[in-house]
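Trainee: Single-letter residue listing:
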Amino acid sequence: MLNTKSAPTQARDNLISQKVASLPPSGIRKFFDLLSSVEDVISLGIGEPDFVTPWHIREAGTYSLEKGYTMYTSNSGMPELRQELASYLELRYGVSYHPEHEILVTTGTSEGLDLALRAIINPGDEVIIPDPCYVAYPADIILAGGVPILVPTNEENNFVVRATDIEARITKQTKAILIGYPANPTGAVMSKKEADAIAGLVKKYGLLVISDELYARLVYGAEHICFPSLPGMKERTILISGFSKSYAMTGWRIGYVAAERRFIQALAKIHQYTMLSAPTMAQLAAIEALRNGESEVEKMVQEYNRRRRFMVKRLNEIGLSCFEPKGAFYAFPSIKATGMNSEEFAERLLLEEKVAVVPGTAFGQCGEGFVRCCYATSLSSIEEALRRMDRFVKRIG
Amino acid sequence: MKEIFEILEQNGRATAEQISTMVDKPVSEVEKIIRQAEKDGTILKYKTIINWPKLGEEDIWALIEVRVAPQRDVGFDAIAERIYQFPEVYSAYLVSGTYDLAILVKGKNMQGISSFVTEKLAPLERVQSTVTHFLLKRYKENGETFHLPKEINKRLPITP
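Those protein sequence lines, which keep their order, are chains Y and X. Numbering follows the numbering used here, in which position 118 of the first sequence is assigned residue number 118; successive positions increment by one, without gaps. If you want the numbering used here, it's the 1-based position in the second sequence plus 1000.
Hints were generated in silico from the structure; no laboratory data involved. Please read all numbers here as calculations on a predicted model, not as lab measurements.
With a cut-off of at most 25 angstroms between alpha-carbon atoms, the simulated SDA-like pairs for lysine to any residue come out as follows:
1. 313(Y) to 1007(X)
2. 299(Y) to 1003(X)
3. 1032(X) to 302(Y)
4. 1154(X) to 302(Y)
5. 299(Y) to 1006(X)
6. 313(Y) to 1032(X)
7. 1154(X) to 33(Y)
8. 313(Y) to 1005(X)
9. 1002(X) to 310(Y)
10. 313(Y) to 1009(X)
11. 1002(X) to 292(Y)
12. 1025(X) to 380(Y)
13. 1140(X) to 298(Y)
14. 1032(X) to 309(Y)
15. 1025(X) to 387(Y)
16. 1154(X) to 380(Y)
17. 1137(X) to 55(Y)
18. 1025(X) to 383(Y)
19. 313(Y) to 1002(X)
20. 299(Y) to 1001(X)
21. 1154(X) to 59(Y)
22. 299(Y) to 1159(X)
Just need the whole structure built from these sequences, with the hints factored in.
Mentor: Below, the structure written as structure tokens:
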């Protein structure tokens, strides 16, 4: 029987787990609150496509509701979807996964990332990540009981982690390397040579790679290197990806993980106790996306590319030097010439010119001196935003 | 090169300079291609899509099915030409199916359109019959939607 009388009262002051309480809030969140106080803002701070999900995909989702597909699916995802995913990965990147045992459909790529980390991390295990990187990487590692080890990247190496820098940080506790290319927030892509060098380390030290390839389809004049397609890497990689960016399906929350059976089994264990299965409507829409979405993807990529060229050129003209981002839909210009730090720049630009960009520091200390500008917004908005930024830089300079 | 025209088709006011950045080609080359296209009829005209009802100006439109007798040697072209030269005819197509020509006619009012049909179109020697459909509502034209508010920003201003 529970003896409530003798329970120490002080225990109840710690109702929130220490791990969570000590986790810093997302740097983006802080900026979001400030932004809500300003009106008529042109936002280059958005991390999602401005396109609405292509109509044929939305129509498939609607149809699934009309037909009454409203129940759970198999934990791992609908067999047809896993089959389509297996064919897609095989055709596009030449890496073959068994649809039944090696693919898991998740509620967005975010779930896949969380599952992968929780499935492999023992308390104190170290996971190496690039700095700057997507906001969830360090937080998810900590929540899984691991320790994020940051590897600085910079403009000189185009914001791609170098194998030598990784190797310098490998310890006995190192469990995995978590990489995400094309990258949010920098737009960097990883070349074959760079990927090969990391693969070498993985073999040498018996590590694991979690490769977040959500932006794989959004590359411009560069080839996307699917990490598990490198020799010997399929058995050492957990590939996570999804439909959000390439098919403009952020709100559907649909993604997937592909890896060898032993990993998928481990991830699926957590998935079945937490998420059960990904939304059925979204799975049916995803099948349609894979079967008939190619031309829409190409159209969007072409449009992003035009805006990308425009934005990068203008940023450089304004004097905010910007290396050429070859993937995702972000430019990551340096604002060092203004003498301000990232937060100050972003805050003043917002208040004085009503343009929102995200301070690079929201993505790690190495983001200092940079801001993230998203070009997934109409060309006219990009033009106006850059006009205002030009005015701003001239005024303070 | 096709990409230049795709951009212009979406935005007739895009400048050669803007286009050159977007397609990553020198401005001079883009200018040359556009000039050539204007000359050789690849670019027919630069127009603006106006939402006239917003200004309280509402033209009356009708889609008319026309059955005609084709002519030796010239087929449907000669009669089509006679019809499409009327300024009232906004678009004209030769179509397969139960009738031959589909024409879109614009008039100030219903009277205007019916007099065009009865006095100009129907009496033509080779026109066998016409069926006139008045347009009740325009939903989408030239790829542009009329009734959906286009600029609803559904996205949050900052997302990771």
